[in-house]
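Student: Let chain A serve as the given structure and place chain B on it in line with the hints.
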Amino acid sequence: MKQKKFIRNATPYFFITPWIIGFLVFTIGPLILSLGMSFFDWPLTSDPVFKGFGNYTEMFTKDTQFWKSLTISLKYAAIFVPLNMAIALFLAMLITQPVNGVKIYRTIFYIPAVISGVAVSIIWGWILNGDYGVLNYLLSLLGITGPRWLVDPAWALFAVILASAFGVGTMMLIFYTDIKNIPIDLYEASSLDGASPAKQFFCITLPIITPTILFNLITSVISSFQQVTLVMLLTGGGPLKSTYFYGLYTYNNAFKHHKLGYASANAWVMFIIILILTALIFKSSSTWVFYETEAKNGKKKKGGKK
Amino acid sequence: MKMSMKSKVIIYTLLTAVAVYFLAPFIYMFFTAFKTEAEAIAYPPRLFPSKWLFENFKNAWQSQPFGTYLKNSIIITVMTTAGQIISCSLVAYGFARFEFKGKNLLFMILLSTMMIPWDVTMIPQYMEFNLFGWINTLKPLIVPAWFGSAYYIFLMRQFLMGVPKDFEEAARIDGANAFQIYWKIFMPILKPSLILVGVLNMITVWNDYLGPLIFLHDRSKYTLALGLATFKGIHSTRIIPMLCITIIMIIPPIIIFIIAQKYIVEGTSGSIK
Numbered sequence: 001m002k003q004k005k006f007i008r009n010a011t012p013y014f015f016i017t018p019w020i021i022g023f024l025v026f027t028i029g030p031l032i033l034s035l036g037m038s039f040f041d042w043p044l045t046s047d048p049v050f051k052g053f054g055n056y057t058e059m060f061t062k063d064t065q066f067w068k069s070l071t072i073s074l075k076y077a078a079i080f081v082p083l084n085m086a087i088a089l090f091l092a093m094l095i096t097q098p099v100n101g102v103k104i105y106r107t108i109f110y111i112p113a114v115i116s117g118v119a120v121s122i123i124w125g126w127i128l129n130g131d132y133g134v135l136n137y138l139l140s141l142l143g144i145t146g147p148r149w150l151v152d153p154a155w156a157l158f159a160v161i162l163a164s165a166f167g168v169g170t171m172m173l174i175f176y177t178d179i180k181n182i183p184i185d186l187y188e189a190s191s192l193d194g195a196s197p198a199k200q201f202f203c204i205t206l207p208i209i210t211p212t213i214l215f216n217l218i219t220s221v222i223s224s225f226q227q228v229t230l231v232m233l234l235t236g237g238g239p240l241k242s243t244y245f246y247g248l249y250t251y252n253n254a255f256k257h258h259k260l261g262y263a264s265a266n267a268w269v270m271f272i273i274i275l276i277l278t279a280l281i282f283k284s285s286s287t288w289v290f291y292e293t294e295a296k297n298g299k300k301k302k303g304g305k306k
Numbered sequence: 001m002k003m004s005m006k007s008k009v010i011i012y013t014l015l016t017a018v019a020v021y022f023l024a025p026f027i028y029m030f031f032t033a034f035k036t037e038a039e040a041i042a043y044p045p046r047l048f049p050s051k052w053l054f055e056n057f058k059n060a061w062q063s064q065p066f067g068t069y070l071k072n073s074i075i076i077t078v079m080t081t082a083g084q085i086i087s088c089s090l091v092a093y094g095f096a097r098f099e100f101k102g103k104n105l106l107f108m109i110l111l112s113t114m115m116i117p118w119d120v121t122m123i124p125q126y127m128e129f130n131l132f133g134w135i136n137t138l139k140p141l142i143v144p145a146w147f148g149s150a151y152y153i154f155l156m157r158q159f160l161m162g163v164p165k166d167f168e169e170a171a172r173i174d175g176a177n178a179f180q181i182y183w184k185i186f187m188p189i190l191k192p193s194l195i196l197v198g199v200l201n202m203i204t205v206w207n208d209y210l211g212p213l214i215f216l217h218d219r220s221k222y223t224l225a226l227g228l229a230t231f232k233g234i235h236s237t238r239i240i241p242m243l244c245i246t247i248i249m250i251i252p253p254i255i256i257f258i259i260a261q262k263y264i265v266e267g268t269s270g271s272i273k
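Quick mapping for you: the protein sequence lines, in order, are chains A and B.
Quick note: the first sequence uses my numbering, first residue 1, plus one each step.
Quick note: the second sequence uses my numbering, first residue 1, plus one each step.
Read the hints as simulated data drawn from the structure, not as lab findings.
All values derive from a computational prediction rather than experimental measurement.
Heads up, some of the hints might be wrong.
Label-pair distances were calculated between CB atoms; the ranges are [as the list claims (entries may be wrong)]:
no., chain 1, residue 1, chain 2, residue 2, range
1, A, Q65, B, H217, 22 to 30 Å
2, B, V20, A, P183, 29 to 37 Å
3, A, F201, B, E169, 42 to 50 Å
4, A, D131, B, K71, 32 to 40 Å
5, A, G146, B, H217, 34 to 42 Å
6, A, E58, B, R46, 37 to 45 Å
7, B, K58, A, D185, 54 to 62 Å
8, B, W146, A, L280, 34 to 42 Å
Below are the EDC-like pairs computed for lysine to aspartate or glutamate, each with C-alpha atoms no more than 16 Å apart in a straight line [to be verified]:
no., chain 1, residue 1, chain 2, residue 2
9, A, K180, B, E266
10, A, K103, B, E266
11, A, K5, B, E99
For each residue, glycine too, the CB sits at the ideal point set by N, CA and C.
Just chain A, with the same shape it has in the complex:
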């Protein structure tokens, strides 16, 4: 009898064991190791040397590239995140319109997001080419002389933003499914009261999807700090390091310059910045995010399967 009880108690742990092992071996273990490494001078080829907070002080006081890369990543996040979210929301509204054939458009809008990474950077590197790129040709038809996107420091960051906006589909889809779940009678009732579509958007749609906006905001802030592949292949961090993103800087310190300890310190600073930003967003969210549970006494509860 006792044995049976033990089995019953142990069963749930048996099911979650894969994750626990994975967490210990591939997440928490490396996380602790990484924190430890950040206090060492750790070249790949010879033995590590302890240097206390040396990596951190060097980063903050001597390494100008650290500040430059951090600024570039912050700038990228500040432009890219709101822009991308606005586009995603706009497209999501567009594909929720009750017109024929809208499903085909939905598919088309999502496809670029499916081929992320190398393929996207190749396609955009070719389109944005200053000599034969088709974008500048199209601009010239309008009488505009396009910039040499990828070799002009003034435009390279913008070029990266343009290319990364190609992957807006995922976020669009998250907005889309949320908007789809809003009960239609809310709109019908407000239509009878004479509310315009714009008013409906700002007074019904937008407040209801604020939790999703929060989710998208946090995930895209995190992912914009981790943007590496696209810049690596599109501009390689150049020209004149104008797109030398923080993620690329960390990567190069580790795997190009083999300064593993220093790069670990870079990564931890990034982690802490992400934590602070996320905490700030969460903190501010209580003033602008509206949860359905708070309004249970109001109209019919938001439908949809959970």
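Tutor: Same frame as chain A, but now just chain B:
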């Protein structure tokens, strides 16, 4: 809701404009892949090739051991997808259908791991795999997937939370044990969720560049994404093979997405609250 003719026209115009923006690069790339190198960089550009050079694809494919790259990509994609489906469903089932000590704490930890940037763990993971002797093998790209990903576990757990309690109770009365219930009852119910996770994982892994870049050194171990990236830099003027391989590489994820899009659209809803 009824719509006026005018607003319909506006909506179709907007939809079409965005569709053109998203599709035009692909269409233009497709036609260019059949051109000669000189025609591809001719200015002003023309959309259609003057002569359709189908052999461009064959030449591009043979310019590097792309057959091997393809094989490696397929191995990694299939093996990680199998791993994710099995381990994530086990863990999600554990979290969704049982009460146990420390459950909430463990689940909070699981959720918070989604916030750790990969950059932080990437360096020590490299050292770890180096210690295991796994560098320059496909193992670092496959094995972790067999221990589940927080996001996919979360997705499946949300799905399982919605299944009524009676499902397993009836089976338990019939004498089924927890594992049998998982395998015979919950796996079939989970099917849409399994497909969603499978497709998301396939697309992510297929396109992954940074992982292979860090862990693989020999060309014989390269994946398609890595092989494609080698066109950048060394021969920046050889656009044709680069575009041919890009087209070949993007076809599988597009086909998979179109087949499974119903699950992606449905699965996305409710997965984030």
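Student: Has the hinted range 34 to 42 Å been met by the Cβ atoms of W146 (chain B) and L280 (chain A)?
Tutor: holds, 36 Å
Student: Measuring from beta carbon to beta carbon, are V20 (chain B) and P183 (chain A) in 29 to 37 Å?
Tutor: holds, 34 Å
Student: Does the Cβ-Cβ separation between D131 (chain A) and K71 (chain B) fall within 32 to 40 Å?
Tutor: holds, 36 Å
Student: Quickly compare the C-alpha distance for K180 (chain A) and E266 (chain B) to 16 Å and report which way the hint goes.
Tutor: At roughly 11 Å apart (the allowed maximum being 16 Å), E266 (chain B) and K180 (chain A) satisfy the hint.
Student: Does the beta carbon distance between K58 (chain B) and D185 (chain A) stay inside 54 to 62 Å, or does it fall outside?
Tutor: Given a distance of about 59 Å, which is inside 54 to 62 Å, the answer is holds.
Student: Is 34 to 42 Å a correct range for the gap between the Cβ atoms of G146 (chain A) and H217 (chain B)?
Tutor: holds, 39 Å
Student: Just to be careful, I want the Cα atoms of K5 (chain A) and E99 (chain B) compared with a cutoff of 16 Å; is the pair within it?
Tutor: Satisfied, since the Cα-Cα distance of roughly 14 Å is no more than 16 Å.
Student: Is it true that the C-beta distance of Q65 (chain A) to H217 (chain B) lies inside 22 to 30 Å, as the hint says?
Tutor: holds, 27 Å
Student: Quick one: are F201 (chain A) and E169 (chain B) within 42 to 50 Å, going by C-beta?
Tutor: holds, 45 Å
Student: Is 37 to 45 Å a correct range for the gap between the Cβ atoms of E58 (chain A) and R46 (chain B)?
Tutor: violated, 54 Å
Student: Compare the distance between the alpha carbons of K103 (chain A) and E266 (chain B) with 16 Å, and conclude whether the hinted pair is satisfied.
Tutor: Given that 16 Å is the threshold and the Cα spacing comes to 13 Å, the pair holds.
In summary, the one numbered hint that this structure violates is 6.
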